[in-house]
Amino acid sequence: MWWLAKRIGTSLLLMWVVATIVFLALHMVPGDPAEMLLSTGGAMPDAYAIAELREKLGLNRPILEQYGAFLAGLTRGDLGASLVDDYPVAEEIALRLPRTLELILAGTLIAVTIALPAGTFAAVRQGGAFDRAASATAAVLQAVPVFVLGTLLILVLAQWLRWMPAGGYTPFLENPGRHLLLLSLPAVAIAKGLAATIFRMTRASVLDALSRDHVRTARAKGLTPQRVLRRHVVRNALIPVTTVLGLQMGTLLGGTVLVEYVFNWPGLSTPLLRAVEARDYPMVVGIVLTVSGLFLLINLAMDLIYAALDPRITRG
Amino acid sequence: MRKLWLPGAAVALIVLVAVLAPVLPLMDPIRQDVANRLAAYVPGSPMGRDEFGRDVMSRLIWGARSSLAVAFASAAIAATLGTALGLLGGWFRGVAEFLAIRGADVVLCFPPVLLALLVVTLLGPGTGTLILVLSVLYLPGFIRVSFAEVLSARGQDYVEAVRALGARTPRILLRTVLPNIAGPVLVQVSLAVASAVVLESGLSFLGLGVVPPTPSWGLMIRGARATMEQAPMLLVWPCVALTITILAMNLLCDAVRDLADKRGGGGAPKLRLVDRLLPGLFPAPEGPRPLLDVQGLTVEIAVPGGIIRPVEDLGFRLDPGRTLAIVGESGSGKSMAATAIMGLLPPAARVAAGVARFEGEDLLRMPEPARRRLRGGAMAMVFQDPMSSLNPVHRIGDQVAEAIRAHRDVPAAKASAEAVALLRRVGIADPERRARAYPHELSGGMRQRVMIAMAIANKPRLLIADEPTTALDVTVQAAILELLAELRREEGMGVVLITHSLGVVAEVAEDVVVMYAAQVVERGPVERVFARPLHPYTRALLAAVPDGDVEPEGIPGVVPRPDSWPPGCRFAPRCAFATAACATPPALEELQDQAVRCVRWRELSA
Numbered sequence: 001m002w003w004l005a006k007r008i009g010t011s012l013l014l015m016w017v018v019a020t021i022v023f024l025a026l027h028m029v030p031g032d033p034a035e036m037l038l039s040t041g042g043a044m045p046d047a048y049a050i051a052e053l054r055e056k057l058g059l060n061r062p063i064l065e066q067y068g069a070f071l072a073g074l075t076r077g078d079l080g081a082s083l084v085d086d087y088p089v090a091e092e093i094a095l096r097l098p099r100t101l102e103l104i105l106a107g108t109l110i111a112v113t114i115a116l117p118a119g120t121f122a123a124v125r126q127g128g129a130f131d132r133a134a135s136a137t138a139a140v141l142q143a144v145p146v147f148v149l150g151t152l153l154i155l156v157l158a159q160w161l162r163w164m165p166a167g168g169y170t171p172f173l174e175n176p177g178r179h180l181l182l183l184s185l186p187a188v189a190i191a192k193g194l195a196a197t198i199f200r201m202t203r204a205s206v207l208d209a210l211s212r213d214h215v216r217t218a219r220a221k222g223l224t225p226q227r228v229l230r231r232h233v234v235r236n237a238l239i240p241v242t243t244v245l246g247l248q249m250g251t252l253l254g255g256t257v258l259v260e261y262v263f264n265w266p267g268l269s270t271p272l273l274r275a276v277e278a279r280d281y282p283m284v285v286g287i288v289l290t291v292s293g294l295f296l297l298i299n300l301a302m303d304l305i306y307a308a309l310d311p312r313i314t315r316g
Numbered sequence: 001m002r003k004l005w006l007p008g009a010a011v012a013l014i015v016l017v018a019v020l021a022p023v024l025p026l027m028d029p030i031r032q033d034v035a036n037r038l039a040a041y042v043p044g045s046p047m048g049r050d051e052f053g054r055d056v057m058s059r060l061i062w063g064a065r066s067s068l069a070v071a072f073a074s075a076a077i078a079a080t081l082g083t084a085l086g087l088l089g090g091w092f093r094g095v096a097e098f099l100a101i102r103g104a105d106v107v108l109c110f111p112p113v114l115l116a117l118l119v120v121t122l123l124g125p126g127t128g129t130l131i132l133v134l135s136v137l138y139l140p141g142f143i144r145v146s147f148a149e150v151l152s153a154r155g156q157d158y159v160e161a162v163r164a165l166g167a168r169t170p171r172i173l174l175r176t177v178l179p180n181i182a183g184p185v186l187v188q189v190s191l192a193v194a195s196a197v198v199l200e201s202g203l204s205f206l207g208l209g210v211v212p213p214t215p216s217w218g219l220m221i222r223g224a225r226a227t228m229e230q231a232p233m234l235l236v237w238p239c240v241a242l243t244i245t246i247l248a249m250n251l252l253c254d255a256v257r258d259l260a261d262k263r264g265g266g267g268a269p270k271l272r273l274v275d276r277l278l279p280g281l282f283p284a285p286e287g288p289r290p291l292l293d294v295q296g297l298t299v300e301i302a303v304p305g306g307i308i309r310p311v312e313d314l315g316f317r318l319d320p321g322r323t324l325a326i327v328g329e330s331g332s333g334k335s336m337a338a339t340a341i342m343g344l345l346p347p348a349a350r351v352a353a354g355v356a357r358f359e360g361e362d363l364l365r366m367p368e369p370a371r372r373r374l375r376g377g378a379m380a381m382v383f384q385d386p387m388s389s390l391n392p393v394h395r396i397g398d399q400v401a402e403a404i405r406a407h408r409d410v411p412a413a414k415a416s417a418e419a420v421a422l423l424r425r426v427g428i429a430d431p432e433r434r435a436r437a438y439p440h441e442l443s444g445g446m447r448q449r450v451m452i453a454m455a456i457a458n459k460p461r462l463l464i465a466d467e468p469t470t471a472l473d474v475t476v477q478a479a480i481l482e483l484l485a486e487l488r489r490e491e492g493m494g495v496v497l498i499t500h501s502l503g504v505v506a507e508v509a510e511d512v513v514v515m516y517a518a519q520v521v522e523r524g525p526v527e528r529v530f531a532r533p534l535h536p537y538t539r540a541l542l543a544a545v546p547d548g549d550v551e552p553e554g555i556p557g558v559v560p561r562p563d564s565w566p567p568g569c570r571f572a573p574r575c576a577f578a579t580a581a582c583a584t585p586p587a588l589e590e591l592q593d594q595a596v597r598c599v600r601w602r603e604l605s606a
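Residue numbers (UniProt numbering), protein chains in the order written: chain A, 1 to 316; chain B, 1 to 606.
Worth double-checking, as some hints may not be accurate.
As the list claims (entries may be wrong) - Derived coverage of chain B by chain A (criterion: at least 3 residues anywhere in the stretch with Cβ under 8 Å from a Cβ of chain A; other residues may be distant):
1. 40-52
2. 103-113
3. 335-347
4. 373-380
5. 525-533
Unchecked claim - Chain A residues, not near chain B, derived (Cβ > 12 Å throughout):
6. Ile8
7. Val18
8. Val148
9. Trp160
10. Gly168
11. Leu173
12. Leu210
Unchecked claim - From chain B, some residues computed to sit far from chain A (all C-beta separations above 10 Å):
13. Arg171
14. Thr176
15. Pro184
16. Thr214
17. Leu247
18. Asp385
19. Glu402
20. His407
21. Lys459
22. Glu486
Note that these hints are calculated values from the structure, not bench results.
We put the beta carbon where it would ideally sit given N, CA and C, even for glycine.
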């Protein structure tokens with residue numbers, strides 16, 4: 001329990017550090033941040049607009065006061081308002097976040113279901129036909145950038161074969177079938193990088209576990225090969241895989257931005273990209289904080305799984 | 001090396017083309033020609049024209065140039081800064097370490113694309129912003145790698161030596177430490193470049209990276225999406241170029257990493273067909289049927305340089321209820337022989353010849369399922385290192401119960417109860433509570449007791465113990481040997497004890513086999529061999545046993561490696577009695593109840 005409390009404490013501390021960095025980033029910009037945000041393509045922004053933006057961002061107040069207000073807002077779940085239309089950032093995120101989460105969950109599910117068994121099987125039959133084919137596939141998948149895969153999926157499945165819609169979104173309650181159909185392509189695109197990584201990790205990890213002394217002990221007991229694999233190889237091999245899985249989620253979350261854009265999935269990336277283009281700093285900060293928080297949360301969950309798998313962690 | 005060659009050449013070609021873009025006979029990549037919009041083919045433009053009538057091939061090549069420039073620039077900046085920070089942090093520790101490592105941790109809290117978008121919002125899109133963002137993103141990798149390497153280098157002898165000579169810190173860091181961490185840093189550079197190409201193209205694809213009209217693969221894909229229907233190839237070309245580039249870079253990364261890990265090694269040559277000894281050629285032994293009868297056991301391992309034989313022509317015989325010890329220094333092949341008999345050889349090794357009859361049946365030719373039913377049942381094994389030999393993630397009671405249920409169809413609850421009884425039997429106090437413990441919660445001696453409980457779970461008739469006390473404290477060793485001897489008396493097991501300690505042999509064994517460099521050099525009853533050793537190696541081993549106040553005479557030198565055995569008697573180079581006659585390989589001479597492999601044994605024991 002103490003261990004758990006410590007681990008949660010660390011996550012909260014990291015969240016605070018992330019928030020502080022994001023806050024400071026605006027002030028670390030060379031020159032006047034308001035001027036920086038308004039300047040596009042070298043043209044001098046006019047003084048009136050700068051003054052107005054400084055007022056909006058609260059840049060005229062002492063920096064500690066700004067920081068205090070920012071943190072206080074965060075604890076209340078108040079992320080400020082968009083510079084473009086004054087719409088509350090938190091509300092925009094509340095609307096979009098579930099859709100992004102759904103996509104991530106679906107992608108992770110696809111990746112894990114395919115890659116874990118495939119990686120284990122490839123390791124057990126190391127050098128066999130399946131191993132070689134799957135390893136080559138994983139290498140190619142790892143090399144195709146996620147937006148390239150998404151675009152090519154649209155080109156082939158939607159444009160040429162006309163099997164699938166090219167993208168879009170229908171609420172689940174309105175039309176469940178169409179919702180899942182629209183979900184499938186972006187989920188597959190998201191799954192690809194994760195699947196390739198999990199496959200490679202699982203394969204390496206199972207190979208490593210197979211050569212361990214305790215596996216020899218298990219065989220010396222006369223256990224059937226299936227049982228040795230299930231209880232003494234896969235269980236142990238999963239431990240390093242969960243660590244990598246947690247770290248990979250950062251890449252996955254970034255990939256989601258691209259995939260949502262490619263498939264017109266109205267998750268967090270739509271307001272994010274719009275805000276980046278319009279230099280709408282509060283909106284960008286809100287979304288970056290949300291996704292970074294999600295990332296920390298996923299890693300916390302991964303650590304819990306890790307601890308459940310490996311008794312040495314919490315007890316040692 | 002072959003793995004490095006192909007992707008290396010591919011990456012080199014891509015880089016070369018990108019570098020040479022200005023001097024290649026290409027069209028201007030940004031000159032528009034609206035008349036030839038989306039043309040599939042125009043003379044001089046083999047890949048056609050894009051939505052503004054610009055030459056696609058030229059844009060592809062110039063696109064490579066901008067992608068690679070960004071990638072290499074940011075990797076170089078991150079490598080320089082990160083390595084410097086890691087070096088300082090690892091060398092000075094304290095505040096420098098805190099700043100470098102915690103700083104790296106903070107960057108890792110952000111998903112990369114999101115951190116990039118945050119910076120783009122602040123600074124606006126452009127090549128400069130891209131390089132800045134990517135350098136920051138790859139900084140932690142370099143800091144961590146160089147930090148870890150410096151920490152381990154600090155303690156190395158060569159660094160200590162330079163320090164002792166009075167070299168100044170910057171000099172040590174630059175001249176001694178840096179060259180030695182170059183390998184891992186190089187691996188990190190290749191990873192950073194490959195990943196920077198991916199991120200750059202992704203951001204450009206979103207319209208937030210390279211600014212048009214500069215050609216970039218990400219921007220080309222972005223532009224071609226709109227005209228997917230009319231000109232699909234416009235989309236395919238940059239996709240293919242990007243994927244191939246990243247694939248080549250990833251493969252190169254893997255190859256570089258393998259090389260830096262020095263794990264590469266060439267492929268092992270195919271196993272040579274060796275004449276197999278015919279089984280059953282030997283006359284059946286007289287008297288009671290032996291529990292274990294090993295003859296001519298030879299194990300081979302294919303290594304890059306050829307084939308080595310860690311066990312050669314091993315033979316011994318064990319009767320029920322007796323204890324036979326196999327002795328020898330490390331590297332003599334005794335453990336390999338035991339694992340061969342149990343059928344637990346590592347994949348690279350195989351039995352090339354010999355028989356090992358367990359109660360009359362040859363273990364080496366038995367189908368695997370039948371042998372599996374014997375393993376852990378009628379014959380069991382205890383290993384050297386009880387820590388690594390127990391599975392760290394299961395409770396020890398479960399691991400013992402598992403051994404029971406592997407051979408007997410008993411309900412789980414009964415198996416658990418039996419496991420507790422077994423733990424009590426091997427002398428574990430409070431077995432009910434200990435059964436719920438994990439291996440790391442027990443002491444070394446306790447773990448070895450668990451291993452023994454597991455081995456005797458199904459009342460084996462043969463127990464092979466491979467250096468069961470080597471990994472333990474001296475005080476615990478005696479207790480474990482005592483336990484094994486007691487179990488043997490009570491259960492009537494035959495025991496094969498593998499050890500390098502003659503003291504242990506004298507205490508528990510009745511027969512002894514002395515192995516040296518894969519061969520049996522002497523064999524016989526313990527009292528005979530100890531009283532009258534025939535082989536100089538046995539003598540040397542006996543002389544090396546500490547005895548009262550007399551300082552033991554160690555044997556000079558070490559066991560030769562299996563790939564460099566002397567042509568004649570393998571012990572000759574270390575033997576005090578070696579003569580010219582020892583240049584021919586001696587045979588194992590069978591005496592009445594002893595055997596010896598030495599041409600001079602008669603004159604030496606006279």
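* Establish whether the coverage given for the stretch 373-380 of chain B by chain A is satisfied; the threshold is a Cβ-Cβ distance below 8 Å, and no fewer than three residues must meet it. => Holds, because 6 residues of the stretch 373-380 of chain B bring their Cβ atoms closer than 8 Å to Cβ atoms of chain A.
* To do: Say whether it holds or is violated: B/Glu486 keeps its Cβ farther than 10 Å from all Cβ of chain A.
  => holds, 22 Å
* Three-residue Cβ test at 8 Å for the coverage of the stretch 335-347 of chain B by chain A -> As far as the stretch 335-347 of chain B goes, the hint holds, because 4 residues have Cβ atoms under 8 Å from chain A.
* **Check on A/Leu173 being off the interface with chain B, judged by Cβ distance over 12 Å** => holds, 30 Å
* Closest CB-CB distance from B/Glu402 to chain A, is it above 10 Å? -> It is violated; B/Glu402 is separated from chain A by about 7 Å at its closest Cβ, not greater than 10 Å.
* Asked: Is the Cβ of A/Val148 farther than 12 Å from every Cβ of chain B?
  -> About 5 Å separates A/Val148 from the closest Cβ of chain B, which leaves it inside 12 Å; violated.
* To do: Examine each Cβ of chain A, and state whether all of them lie more than 10 Å from the Cβ of B/Arg171.
  => holds, 35 Å
* Does the claim that B/Thr214 lies off the interface hold, with its Cβ farther than 10 Å from every Cβ of chain A? -> holds, 14 Å
* Asked: When you look at the beta carbon of B/His407, is every beta carbon of chain A farther off than 10 Å?
  -> violated, 6 Å
* Asked: Taking 12 Å as the cut and beta carbons as the points, is A/Trp160 off the interface with chain B?
  -> A/Trp160 is in fact no farther than 12 Å from some Cβ atom of chain B, at 8 Å.
* To do: Against chain A, does B/Thr176 hold up as non-interface, every C-beta pair farther apart than 10 Å?
  => At roughly 32 Å from the nearest Cβ of chain A, B/Thr176 sits farther out than 10 Å, so the non-interface label holds.
* Interface-negative label, B/Asp385 against chain A, beta-carbon threshold 10 Å -> violated, 6 Å
Checked against the numbered hints listed earlier, the structure breaks hints 1, 5, 7, 8, 9, 12, 17, 18, 19, 20; every other hint is satisfied.
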